[in-house]
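Once you have looked at the hints, place chain B on chain A.
The residues making up each chain are set out below.
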Amino acid sequence: MPIDILIHKNTYTKIQSALTYGFIQNADKYKFQVINCHNSIFDLYYIYKPKNILLQIEEYSNEFHTFVNDASITLDNIFLSIDNNKVNFDTYIKILEQIRSSNIKAIAPKAFIEYAQTKDMNTDNFISYNNLINRYVFLNKNLTRSDKILCILSSDKSCVSKLEKFLYPASKIPIVMINNPEIVHDQNIGLMLDDDLCTALNSYGSVIDLTEAYDAEISVCGIPKYNIQELETLDTAQPSTISVEIEDAGEFIASKLIMRN
Amino acid sequence: MNNQVAFYIPLVSNTEVSQNLVKILNNISSKYNTILFNSQYDFIDQEPRRFSVLHCNQSKYFYGILFAFDINSLAIIDHFPAPYKKIFVTSDIFWQNKTYPAKVSYDLIMNDIDIVTYDSKIYDLYNICFKKPLINMSNGLTSEDFVNVIDSVFSAK
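Chains as they are written, first to last, in our numbering: chain A, 1 to 261; chain B, 262 to 418.
Bound conformation, chain A alone (with noise of 0.2 angstroms):
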């Protein structure tokens, strides 16, 4: 029995977290499988035909660039979902360069889309997203907050540096990083996924988000922000809360990811 989509998922990234979610969401319309497609993609293929695949751009290897060049004549759709992460935003761009099938579709956030049109990139298969999450997973949940500061690492490794004068031995401070598990310090409590960060946004005084990409489950959880140069005067300085427009998955699944079932 063919399936709706297959979905690649192996390390964890935002986008492809929320996605996976909005299918989820919407079970009832598609059927789908979420599977770690290394080295296996020709079977996976074959044992369950899907129509469509989401591939994820992180991963994207040269078996993923032989299987897309030879079996999109046979999808409807290949699903490429490019996360919001500024830093490898010319590496994105130079593996979009590589793909001519003409079914590809990109899942791209709104400043990703903007970086490609000032290269020249033809935009037209993008499909847009900005501040993606799932709102089952993301809520606030009126916890009683510590005094911590959660630090949401980028994957820029050199973005601790900034840090350095406000981490332990020099300070005291009480911040706590995630998400970056290559930086080694001893503040950098590893990768924390979503019902975790969840918890932490909800549990945690004040936040720092040195990736700029979570705006989004920082409003949702109505978590204070403070930017590293507030630091200096953390006695006196008030971090703010933000408020932008989210996009639930499960809607965008619904309504921009139109494939025939």
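Any given hint could turn out to be false.
To be verified - Stretch-level coverage of chain B by chain A, calculated; a stretch enters the list once three of its residues show a Cβ under 8 angstroms from a Cβ in chain A:
1. 346-357
2. 379-389
Claimed, not checked - Example chain A residues on the side facing chain B (calculated, C-beta under 10 angstroms, incomplete):
3. LYS148
4. ILE173
5. ASN188
What the hints assert, rightly or not - DSBU-like cross-link-like pairs, simulated, lysine-lysine; straight-line CA separation at most 35 angstroms:
6. B:LYS284 with A:LYS141
7. B:LYS284 with A:LYS148
8. A:LYS172 with B:LYS346
9. B:LYS284 with B:LYS346
10. B:LYS359 with A:LYS225
Rather than coming from a laboratory, the hints here were simulated on the basis of the structure.
Where is the CB? At the ideal position from N, CA and C, for every residue including glycine.
What follows is chain B alone, placed relative to chain A:
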């Protein structure tokens, strides 16, 4: 019930750490009812053993203060409903071990587990990243410090 104390050490061997912990357990046995929960006791007793030894499985029914000394033990005892107080004794930054997902570190420490450290740097780091440890045993693991911790916990009851 005010004098039940247990150490949860699944593997007791002849290492220095095990020797030290068994010695402490023996010392504090004069003051409290003490139990060692383990599944393997490969330790040559140097002096009369004054504490009970029970299998790890029994620890979930234990009502008293239960000490764990490594993150794997903590992950197990975390779900036990019976112990009055669960205390994690550490000089280790366990979240730097890449094999533990952040979820484990976050969930465990945020629950009702208390922390005791025996390294001032580790004390600061747990205070910054999770919660303030009950005490930092500045002279390493000693029977006197354990007695202080146990008394303070029982007196707060």
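Of the numbered hints stated previously, which ones are contradicted by the structure, given in increasing order? Those not satisfied are hints 6, 7.
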